[in-house]
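Trainee: Sequence:
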Amino acid sequence: MRALLCAAVLAWPGLAAAAVLELHEQVLVSQPRVRLADLADIAGEDAGRLRQLDLGAAPRIGYVQRWTRNALAEMIRRRAGAAVEWRGAQQVQLRTAARLVDADAMLALAMQVMDEAYGAAGALQLAPQARPVEVEAPRDAQLVARPLAGRQLAPRMEVWLDLVWQGTVYRSMRVPLSVQAPRELLVARRDLAAGETVQAADFVRQTADAALLGGPAAQALPASWRMRQALRAGQALAASQLLAPHAVRRGEQVQVLWQEGVLRIERAGTALADAAPGERLAVRMAGGAEFSGRVELDGTVRVDRN
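Using our numbering, the letters of the sequence shown correspond one by one to residues 1419 to 1724.
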């Protein structure tokens, strides 16, 4: 039978055997693309060209790709215009060389990235919310963490890890973490109402969890600043919870000013958002009309001329 196959190939119209291929039975590849040289030892005058023949993507981890002599001969004829003489196996089974990426390696990298991003101000207390599942990856794939830049520290965070193989992301994994960030913060001594003017005596510096703040911590209490929202005794103060003097809170009554030359009109309106002096603010008048203006240093909203 083998002699008949060889004779058939050699008798193909216009073709003569340009190479001898000795097909392997089992092959492990470690690169994303498969070449003919991975599957067989090639000799002959056309061997150099045939060795580089691209057979497509390597199989995914855990899968087997099979090539028969006939399938390879047809591809070689179409792609390279060559006939070959066969030796070795009747077919080859192709797998991608793999390694196991264990859960400890994924957790260690995720925690390292968290420490690098948020640990400059002090130690973090990190714990896995769920242990990562071990995965198989190509043998030389690299485990890489995605950047955390721009993400605010929170009690629950996730780090995305990529297995990068030959410059391409082969697989991605999510590592969820519980986060605590003990820091010396301003903590309320008593309940503070929204809009209330605060002073240093209302707070004490003590260790609290900065991950609960939802933003940067307040570092100081300038005179005459107010609470943007209510704060319970024992809670730490975030910078976003403070309003500068004469800043306006959403829902507050404000004086709305129109002025054209010597003509000056003032009416009461309702702020539709929070705004500090110099910022733009939309207000709603008693009759329902809405206007936009800029907050003055005294908290008045000066409406722009049309």
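Think of the hints as simulated: they come from the structure by calculation, not from any bench.
Glycine included, every Cβ here is placed at the ideal spot set by N, Cα and C.
Take these hints with a grain of salt, some might be off.
[Unchecked claim] Each pair of labels, with its calculated beta carbon distance range:
| no. | residue 1 | residue 2 | range |
| --- | --- | --- | --- |
| 1 | Q1444 | T1586 | 23 to 29 Å |
| 2 | A1538 | T1586 | 30 to 36 Å |
| 3 | R1607 | P1640 | 36 to 42 Å |
| 4 | A1572 | P1695 | 27 to 33 Å |
Trainee: The structure should be examined with respect to each hint, and the outcome stated for every one.
Mentor: Here's how the hints hold up against the structure:
no. : hint                      : verdict
1   : Q1444 x T1586: 23 to 29 Å : holds, 25 Å
2   : A1538 x T1586: 30 to 36 Å : holds, 33 Å
3   : R1607 x P1640: 36 to 42 Å : violated, 18 Å
4   : A1572 x P1695: 27 to 33 Å : holds, 31 Å
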